[in-house]
Amino acid sequence: MVVTWRPGIDASTLRTRSRIYSIIRQFFDDRDVIEVTTPVLGARGVSDLHIESLTLHQGEQTFFLQSSPEYSMKRLLASGSGSIYQICPAFRAGEMGSRHNTEFAMLEWYRVGLSIDDLIMEVSNLVQSLVTAIHGKQIQIEHYSYAELFIGRFGQNPHTATLAELRQLIEQAGLASDHIDNIGDDATSNAYLDLLFSSSIEPELQNPAFVSDFPGSQAALAKKAVNESGDEVARRFEFYWRGVELANGYDELTNAEELGSRFDENNISRTARGLPVVASDEKLLASMSKLPDCAGVAVGLDRLVMLLCEKTSIDEVIAFSQQRL
Amino acid sequence: MATFSTNEFKSGLKVMLEGDPCSILENEFVKPGKGQAFNRVKMRNLKSGKVWERTFKSGESLEGADVMDLDMEYVYNDGEYWHFMKTDGSFEQLGADEAAVGDCIRWLKEQDSYLVTLWNDAPIAVTPANFVELEVAETDPGLKGDTAQGGTKPATLSTGAVVKVPLFINIGEVIRVDTRTGEYQNRVKT
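Just so you know, the sequences run in chain order G and X.
Note that the first sequence covers residues 1 to 325 in the working numbering.
Note that the second sequence covers residues 1 to 190 in the working numbering.
A portion of the hints provided could be inaccurate.
If you want the ones that stay clear, here's a sample from chain X, every Cβ over 10 angstroms from chain G, calculated [as the list claims (entries may be wrong)]:
| # | residue |
| --- | --- |
| 1 | D112 |
| 2 | W119 |
| 3 | F131 |
| 4 | E133 |
| 5 | V136 |
| 6 | T156 |
| 7 | T179 |
In silico DSS-like cross-links for lysine-lysine, where the CA-CA straight-line distance does not exceed 30 angstroms [to be verified]:
| # | chain 1 | residue 1 | chain 2 | residue 2 |
| --- | --- | --- | --- | --- |
| 8 | G | K224 | X | K34 |
| 9 | X | K34 | G | K283 |
| 10 | X | K86 | X | K47 |
Rough simulated footprint, nothing fancy, chain X against chain G, three-plus residues with beta-carbon under 8 angstroms [unchecked claim]:
| # | stretch |
| --- | --- |
| 11 | 118 to 126 |
| 12 | 188 to 196 |
| 13 | 303 to 313 |
The hints are simulated quantities; they were obtained by calculation from the structure and are not laboratory data.
We put the CB at the ideal spot given by N, CA and C, even for glycine.
Let's have the full structure, built from the sequences with the hints guiding it.
Okay, here's the thing in structure tokens:
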């Protein structure tokens, strides 16, 4: 238990972090993407199976601290805001480690009329701008599909592998999987896929790399599509560097009915695991009919600062990590 | 005994797992993409000495283990138990069985200090110091020019341990050995 009053971030990193923020703002200014601020305090939580929102109780009311500004920003987009970005705090209960802090900084932006591939290019350009400004060099950025990496590492198509096949891969890789409840549902196979991907593939992604076309069952709020092999995939990408997941982006789902049923599926998975159900955000659902086609991305800004400043712990790039409060 | 949750797991913490006391070596919090958070924990089973890797759901808890490490002096063995004496002035003796002494059996020298791990006050493991000084009980006289084994020959020490030593080492000499690797370090001038 750290008792010092001092911040974890040093003076030099504080300056670099400030510079990073300037560069980001200039980047979006140049592209006519406006900065917005949406409430951190919300009336609804997220039903995502693995995210636990922090809750606040004020008399009879319960509020939820946002796990991301997604729902509010989508309501803005639906009202005709055009492309927007935000740098804000996000909160995820129980997440603490060298790359996690319950409260962390999110850089999230949405581009109306851009395809998911255009957005990948834009994320790439932003990272390049930052690396050039801070380190005076350019980096090579790679791009893979989830299946390509999985097949390359395990010799099995992740989109068609059965639960039994995934369990076998886990055993062969010598991975402990005691934390996974084998309920036999989609969430179980996702847990196996995640374990395999995060243990054996992610750490190998040392060079900056985009991974796209995630398994269809991991679509969250992204559109689904069919890839060239005929498998259902999520129009979702992630960006990794030095084995760290830095960003998560989508070709945003605009269908209210489908979003509603995904929320319902989440709650079914929750109940099956003894977790409380989370009421769906009916205002988000109501706004969906007006949500324009857009691609959006959420970047873990603290982690991006960590990598740009060559730090190994989130405690070194934020003012006061949870242990220092 | 208190219980500890995954976010309290620190290196050195002693916990119970599957009925055995274990010492936590490493605790890594993992949260894949939008997946389930878990802790990947490496721990050493203090009874078997084996290293286990297990994953736990974040927030899961384990019971603490009543484990203590004590500095003790080796006194003697009666064939069944190896007896150690506390060095805190109490002169209290505890007996460790063969399983508890384990590999340390080849480094036991009377009156030398050892780290004895106690679980519920009973010895379950004995660890020697990093270096011990032991007498050579048996070895061939090294002949000059005999480089068949790269200039070393086997020597049996007073404890029964067999160590590779330089050719000039003779019976009766005391040598310093690294217990972690079983390697000869140097000759000790007596």
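Review point. Which of the numbered hints above does this structure break?
Key: As far as the earlier hints go, 11, 13 are violated by this structure, in ascending order.
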